[in-house]
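*Asks:* Residues per chain, in single letters:
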Amino acid sequence: MKARVFVTLKPSVFDPQGHTIAEALHSLGYGSVADVRQGKFFELDLGAASPAEATRLATEVADRVLANPVIESFRVELNETA
Amino acid sequence: MKFAVVVFPGSNGDHDAYYAPTHVLGEQAEFIWHKDTSLRGADVVLLPGGFSHGDYLRTGAIARFSPIMPAVKAFADAGGPVLGICNGFQILLECGLLPGAMLRNRDVKFHCEFVGVRVDRTDTPFTAAAREGQVLRLPIAHGEGNYYAPPDVLDELERNGRVVFRYANAAGETTDQANPNGSLHNIAGICSAGRNVVGMMPHPERACELAVGSADGLVVLQSVVQALAKRGALHASA
Numbered sequence: 001m002k003a004r005v006f007v008t009l010k011p012s013v014f015d016p017q018g019h020t021i022a023e024a025l026h027s028l029g030y031g032s033v034a035d036v037r038q039g040k041f042f043e044l045d046l047g048a049a050s051p052a053e054a055t056r057l058a059t060e061v062a063d064r065v066l067a068n069p070v071i072e073s074f075r076v077e078l079n080e081t082a
Numbered sequence: 083m084k085f086a087v088v089v090f091p092g093s094n095g096d097h098d099a100y101y102a103p104t105h106v107l108g109e110q111a112e113f114i115w116h117k118d119t120s121l122r123g124a125d126v127v128l129l130p131g132g133f134s135h136g137d138y139l140r141t142g143a144i145a146r147f148s149p150i151m152p153a154v155k156a157f158a159d160a161g162g163p164v165l166g167i168c169n170g171f172q173i174l175l176e177c178g179l180l181p182g183a184m185l186r187n188r189d190v191k192f193h194c195e196f197v198g199v200r201v202d203r204t205d206t207p208f209t210a211a212a213r214e215g216q217v218l219r220l221p222i223a224h225g226e227g228n229y230y231a232p233p234d235v236l237d238e239l240e241r242n243g244r245v246v247f248r249y250a251n252a253a254g255e256t257t258d259q260a261n262p263n264g265s266l267h268n269i270a271g272i273c274s275a276g277r278n279v280v281g282m283m284p285h286p287e288r289a290c291e292l293a294v295g296s297a298d299g300l301v302v303l304q305s306v307v308q309a310l311a312k313r314g315a316l317h318a319s320a
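Residue numbers (the working numbering), protein chains in the order written: chain B, 1 to 82; chain Y, 83 to 320.
These are computed hints drawn from the structure, not numbers from a lab.
Source: prediction; values computed, not measured.
Derived DSBU-like pairs (lysine-lysine); straight-line CA-CA distance at most 30 Å:
{"hint": "1", "chain 1": "Y", "residue 1": "K155", "chain 2": "Y", "residue 2": "K117"}
{"hint": "2", "chain 1": "Y", "residue 1": "K191", "chain 2": "B", "residue 2": "K10"}
{"hint": "3", "chain 1": "B", "residue 1": "K2", "chain 2": "B", "residue 2": "K40"}
{"hint": "4", "chain 1": "B", "residue 1": "K10", "chain 2": "Y", "residue 2": "K155"}
{"hint": "5", "chain 1": "B", "residue 1": "K40", "chain 2": "Y", "residue 2": "K191"}
{"hint": "6", "chain 1": "Y", "residue 1": "K312", "chain 2": "Y", "residue 2": "K155"}
{"hint": "7", "chain 1": "Y", "residue 1": "K312", "chain 2": "Y", "residue 2": "K84"}
{"hint": "8", "chain 1": "Y", "residue 1": "K117", "chain 2": "B", "residue 2": "K40"}
{"hint": "9", "chain 1": "Y", "residue 1": "K84", "chain 2": "Y", "residue 2": "K117"}
{"hint": "10", "chain 1": "Y", "residue 1": "K84", "chain 2": "Y", "residue 2": "K155"}
{"hint": "11", "chain 1": "B", "residue 1": "K10", "chain 2": "B", "residue 2": "K40"}
My request is simple: use the sequences and hints to build the entire structure.
*Replies:* Structure below.
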């Protein structure tokens, strides 16, 4: 069972990297890109865990380590293909 | 009195943090490896600058789980003076000994330069020998020094005088131009509620001798020596 964790900066937090990327896209001619926010993606291989256990474990790991709750929020998705 | 300099894999400011109190101030210091669990009777704990764990995941995010950190936390909870410099500040933020978080510098550039740092509070062990309003010329070297805290936390810090250092120009004005990284309220350093834990992004330990360009940082270390001499040496058993 694989869990995917997506970590993003909270909307109220300024994202200098995302902003830089948006500016770069604009200079490449992609003026229709209104904004870019950069986040992180983690894939956790949780072995033979059940979906419920995998979700619980991934959530705990995300909350404790993968995301900084002061500035980031996260979501967990399960990927059932082994 | 003895300074403990905690060394994490990737710390590179540990030798500067060792040199300043020993060679310049004549005090004792000892390196403590991050996997140790005892601070060995240290009177002051320094968390040095560098790139612990390569800054992987987030700056300080992995170092906060090091085996030495419970001892550091116990020392801090007992009132012992702890100074986190640069990456050390980031580690204190990640482990919750100080509130808030660091973001990437607003211009997404690594800043390695001298800046003006105004001392706003002299009621911490690390600023006791400084003058309120004094502007120190200190070097910074960081890519993520953009201090952030949610509005209610920021308000509390300001209300309780927990902003110890701010980026300022030579005249002591906290202008936007004097702010190298976009830190909210030009914050360069803060302290805990108990005031004994201080985190700062600039490097006082790299400005203790005129030969390196500034000796303005010496007052930070002199302060804690003075504060402890007044208090009587505090031995934290671990």
